[in-house]
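J.: Now for the letters of each chain:
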Amino acid sequence: MEITLTHYLVLSAVLFAIGLIGVMRRKNLLMLFFATEILLNATNIGFAAISHYLGDLTGQMFAFFIISIAASEVAVGLGLLIVWYKRTGKIDLDIMTSMRG
Amino acid sequence: MFEAIAFYLFAALTITMFTITVMTSQALYALTAMAAGMIFISAFFFILGADFLGAIQIIVYTGAVMALYAFGMMFFDTTRNVVEKRTNPQIVFVLGTLAALMVVAIFVAPIISNNIHAVYPIEAHVGNAQAVGIVLFTKYLVPFEVAAVMLLVAMISGIILAGKKMDKSLTLMAEEEIVMMNADTVGHTEKGEH
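Listed in order, the protein sequences are those of chains W and B.
Position 88 (the first sequence) corresponds to 88 in this note's numbering; numbering is contiguous.
Heads up, this note's numbering is the position in the second sequence plus 1000, with the first residue counted as 1.
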């Protein structure tokens, strides 16, 4: 029973789908951030698997940069979220309609 | 054989944890389940021979990002249940499945074409961390430095955004001053809402 690249790619796609369902389902902004982290991690698995089965380190490099981007996204996003919560007392998406777009 | 057992075990665990993260209505459960899922994902990196990536995954995600979320959740009211969107669930699941199929197609397309070859091949006699270091500090030096600058910018912006009123020391102020300051802020937010 050999684990092939397809196994990992299917797993990555399943996790990505879970993250997408989370993005579409959630209204709380903190929960949306969690779903975004799941999306980024799913792609990381795909990159690492392709890197291993191709015998190439480029996939791992991309995974490193994705991790650093995720870390900075969390820092900036949580800062903005805290400011928004201090101003309005809520972090739901529904009240963020001040631009009436 | 062991690889297959490990793969299926950790795949089931990861999918379960992330499903809990997405589906639960308690913010604390979501946070805990996601921390567990991140650790289980690092197991895949170890199976795939990307040892350094697995270590970074544990350190950055469960060490830094989760701690950041935990600190952020202290600011929010996490005890009440999270209200969900009232959308049609069928549309959500159909869209999710379609997007997943598209991702599979994107990933599979270059493998079918069979035209790609290793640019930075993994060598057997060099350890993973060493090989990653060699590639990172030769071929990817400029992106690495740009990422460093980006992390610095993120740190400064996080401090500036979250660290309002840092010029006042809450430990040195008297009780009345704190009460007055809080009353000031409450008046401010109420005015801001109108």
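Think of the hints as simulated: they come from the structure by calculation, not from any bench.
Certain hints may be false.
Each computed EDC-like pair below joins lysine to aspartate or glutamate, with the alpha-carbon atoms no more than 20 Å apart [said to hold, decoys possible]:
| no. | chain 1 | residue 1 | chain 2 | residue 2 |
| --- | --- | --- | --- | --- |
| 1 | W | LYS27 | W | ASP92 |
| 2 | W | LYS27 | W | ASP94 |
| 3 | W | LYS27 | W | ASP56 |
| 4 | B | LYS1139 | W | ASP56 |
| 5 | W | LYS86 | B | ASP1051 |
For the chain B half of the interface with chain W, some residues (derived, Cβ under 8 Å), not all of them [claimed, not checked]:
| no. | residue |
| --- | --- |
| 6 | PHE1045 |
| 7 | VAL1060 |
| 8 | LEU1141 |
| 9 | PRO1143 |
Quick list of the computed label-pair ranges, beta carbon to beta carbon [claimed, not checked]:
| no. | chain 1 | residue 1 | chain 2 | residue 2 | range |
| --- | --- | --- | --- | --- | --- |
| 10 | W | ILE69 | B | PHE1075 | 47 to 55 Å |
| 11 | B | HIS1125 | W | LYS90 | 55 to 63 Å |
| 12 | W | HIS7 | B | GLY1063 | 41 to 49 Å |
| 13 | B | ILE1015 | W | ILE69 | 19 to 27 Å |
Even for Gly, the Cβ is constructed at its ideal location relative to N, Cα and C.
J.: Checked against the structure, which of the hints given earlier come out wrong?
T.: Numbers 3, 5, 8, 10, 12, in rising order.
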